[in-house]
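Chemist: Please build the complex by placing chain Y on the supplied structure of chain H, with the hints as guidance.
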Amino acid sequence: MADRPLPVLAWSSIEGDPAAEHSALFGRKFRRISRFVKLAQVAAARCTAQRPDVDIRAAGLFIGTGLGNTADIVPLAEGVLHPNRPRCSPMSFAGCLGNAASFFTARSLACLGPNVTISQEDLSFEAALLEATLALRAGDIQLAMVGGVDIISGDEDEQRERMNAVGAPGRCAQGAAFLLLAADGDAPALLQECWLGAAPRQVVLADLPATARLLPGWRLTGSALCHHGGVAEFEERLLPVATGLRIAEALDANEPSFVHLQRSAAGTWGRVRLARTGRV
Amino acid sequence: MTAPLVVLGWGSACALGADTDSSVAGLRAGSCGLGRPERSAHLQLTDARDALVGEIPITPPPEQRLRQVLDMVVDEAMDRAGPGHGRTGVFVGTTGGFFVDAELQLLRARALDPLAWPRLGQRGQGAVADRVAQRVGARGPVLTYAMACTSSAAAVAAAGQHLRAGTCDRALVVGYDMLSNLTLRGFQGLMLYDPEPCRPFDASRKGLQLGEGCGALVLERGEGPFQLAGWSNHLDPGNLTSSSTDGLTAEAVIRAALDHAGVTPAQVVGIKSHGTGTIDNDLGEGLGIGRVFGSAPPPFVSLKGALGHTLGAAGTLELVLWLAALAAGFRPGSLGFTEQDPAIGLSPSLDPGPADRGVHIFDAFGFGGSCIALVVRHG
Chain H
18 MADRPLPVLA WSSIEGDPAA EHSALFGRKF RRISRFVKLA QVAAARCTAQ RPDVDIRAAG
78 LFIGTGLGNT ADIVPLAEGV LHPNRPRCSP MSFAGCLGNA ASFFTARSLA CLGPNVTISQ
138 EDLSFEAALL EATLALRAGD IQLAMVGGVD IISGDEDEQR ERMNAVGAPG RCAQGAAFLL
198 LAADGDAPAL LQECWLGAAP RQVVLADLPA TARLLPGWRL TGSALCHHGG VAEFEERLLP
258 VATGLRIAEA LDANEPSFVH LQRSAAGTWG RVRLARTGRV
Chain Y
84 MTAPLVVLGW GSACALGADT DSSVAGLRAG SCGLGRPERS AHLQLTDARD ALVGEIPITP
144 PPEQRLRQVL DMVVDEAMDR AGPGHGRTGV FVGTTGGFFV DAELQLLRAR ALDPLAWPRL
204 GQRGQGAVAD RVAQRVGARG PVLTYAMACT SSAAAVAAAG QHLRAGTCDR ALVVGYDMLS
264 NLTLRGFQGL MLYDPEPCRP FDASRKGLQL GEGCGALVLE RGEGPFQLAG WSNHLDPGNL
324 TSSSTDGLTA EAVIRAALDH AGVTPAQVVG IKSHGTGTID NDLGEGLGIG RVFGSAPPPF
384 VSLKGALGHT LGAAGTLELV LWLAALAAGF RPGSLGFTEQ DPAIGLSPSL DPGPADRGVH
444 IFDAFGFGGS CIALVVRHG
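So the sequence lines, in the order shown, correspond to chains H and Y.
The opening position of the first sequence corresponds to residue 18 in the numbering used here, with each subsequent residue numbered one higher.
The opening position of the second sequence corresponds to residue 84 in the numbering used here, with each subsequent residue numbered one higher.
Just chain Y, with the same shape it has in the complex:
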């Protein structure tokens, strides 16, 4: 059964705004949300404090904002979607869940005793979904996908699968990741953190910046202006922490998603790329786009220059912002690009453009070889 799936509502919080309307206004204006950390007092390391990050512009301290952000975004999405019927399933994608709690626990103990070495009561990622399920009274499956930077893109695909299989009547998809010392330090250690604002697909790109973010999407079976039409999941078995650079995997995952949706490359009018600003990701993805669409692809855009990389949240958050921008009458543009990389041979679209009706593609690539592509029809 390939029942049509309709996007009924969305919510978001990211470096551009604490709600979707604010963030869409930022995208329309070409704003960059990256800056030095001001609201993340738990970021302890000198080099972390000096790094550019994307913080959600709300004032509560870290221990409160962790859950406040999640609640705000879920409420926004459910309010926009309106009342549902039947069973709601919850599909969360996150890399860290509430892991910042463990860092705060350690830091609180150290504030009292600099040599304190408390036992970290770190638990799994499921606490985010449990909180969401309780908040919305979910009676369907409650599932958490931990697939690095593709986590919440995988959650969108899974929600589509569940809706079509009838395990739930409404799917609430949430992508969620907040800034932690662990991820900042980890990406710096991997030499993937650029001290300057990231430059996706640019010849001089050197890496990414992290952002905190949360996106939520409400889906049901039915018709509407935005239809989740297809998806695909591929494994890139080459390397745990870097993408293959030949473009073959990116090509395969995009083509498979188009096939799943029953559409052709000629119907595609926009591509929300993963576009991290890292050398390997952008090379592999750019070549993959070229292999599918040739030398004149539809407009492709990275949102990382505006938001930073929100890791497990990115798949849902960037999808939400893209759809909300289309609903507001424009397609977002890329930040940070000035010079084409001859190895890629393609340039992203820099300025916001028209909200073309047709098929839009959403790429997500992650550590652990995870590759997801989603297809949405804007009709």
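Next up, chain H with everything else stripped away, as it sits in the complex:
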């Protein structure tokens, strides 16, 4: 039996440098808050601003990040092992925590329900979304903020190496996205499916919207859509949590239905399906 769809109350995305919007949102510059955390906070604030009528104090917060706060982790590691002047600022160490973005985002939103961070390179956003759907369907929570955030650090070559994307087409990007999901109720969109697993390399056509375009890397065979390439063809942006941005953009564009497919480098598949309901 298929799981019941979950209402998507609001969504948001941001790509690029969050500093100016972060300062405007919080009234001043926070020099000690990392770009990684700022991106998450800005995207989350954009999302909740769409639904000021919704009380998210008891909502769960689920964040996925492919690589975490690499802009601070790498310099910190280099500083710790500096040949002449080893150093490790406590503040920098704390800022490198895997769950720093979910902690500060929860605080800025006063969103104090269960708090989960998933960090696993590929499929991190999908994984966070899956965790939220399980908690909503189990009745543990009634609302969930689900986000993805990743940043660029170092030069283009370094970022590509880190993403296992040397030579892949596309451009390196940084950004964040959020969805506000509910256990039930009316909403402008529905999350119909979020699934992770070792699927055969094909998707049944009936699962796809009529408007689906065939992207490079995919081909039609009979009643199935088969993948025959790497993951990079799916997305112009080289960004581990690009799925979140793509979903928010598809909903912004009023796409009647949307399927996002992603295969991790290790071979796990992720599939997310959403549909607009026609409600505002």
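Don't read these hints as lab results, they were simulated from the structure.
Label-pair distances were calculated between CB atoms; the ranges are: (1) H:71 x Y:433: 45 to 53 Å; (2) H:104 x Y:322: 19 to 27 Å; (3) Y:119 x H:66: 49 to 57 Å.
Examples of chain H residues lying across from chain Y (beta carbon under 10 Å, computed): (4) 77; (5) 112; (6) 137; (7) 140; (8) 154; (9) 171; (10) 175; (11) 282; (12) 283.
Simulated coverage check for chain Y against chain H, where a stretch passes if three residues somewhere in it have a Cβ under 8 Å from a Cβ of chain H: (13) 177-190; (14) 217-229; (15) 241-249; (16) 262-269; (17) 316-326.
Cβ coordinates follow ideal geometry from the N, Cα and C atoms, glycine included.
Modeler: Coordinates of chain Y only, in the frame set by chain H:
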């Protein structure tokens, strides 16, 4: 659906032993696994070399032990569990993954050129789960939780959620963290590293020691002597790197886990505390235990005095060792405690005790406000 969840197998490696039987023997004897680093040649700093740490007693150099430990523990757990059926999901909790690889890369370059400044090809934590998934042929979800010291406790809770939702038929949960210069230096910088063996809940406690460790747990839907019965996840929004000290968060997360399991505090016969030996954690946790259980709580024990703090591995590793000890006929005791802290007003159990049947609680608290409690029925 609240299907019963059975623990079918486990594996572990920590400062007390490279397999679970060795570590359980160490717990029974009241052994302490902490000492000066002897096997972690990559620990470069003078103060790191002088620190007490908990090392897994195997001989390979760091670049080999990183993966050897993981493989050994996963194999032990899967062997104990026996053959499975259907889809296996992999749920990993770790703070650093294979980050030590990046430190080794830097140190190798510096060995050739002291001024070398190589680009660190540091990747995310998911490589651990990918390796585990490949090793066991996982066909279910493969997920990595990065929630500081609660990472693998969160992975246990998530595995329970996934099994009940039917996204997998068997869950392999792994907690994994190895010693790195970064974490040693970081905890020293935060003034949380005690140069003397840690003293959880003691009036004179000053901090923790780090240990390396890995624990693995195999769960399925079904009945058995150890049932994962409930869990809870709370956020302590007070401070990124220290616990609230009023006991309210610890109380809330324990009560929520008991509610989730459908049991009462009166049914609890043992508490595996987080008990790091830091001033704030032990105060908040101790007061929380008192708020739930009163002035005469069930035996509560910290394993950090024996293992050190294994960070993201701790949630699963300490759960595994506790269950394995119960299966061997005893409940572990705490090391390092001599004098009750009047601010807490409670004392942990020092000596190993009987393996009481009933409900056992497993606390995990971490940086980033992460608070997890797990409930296991020993029947």
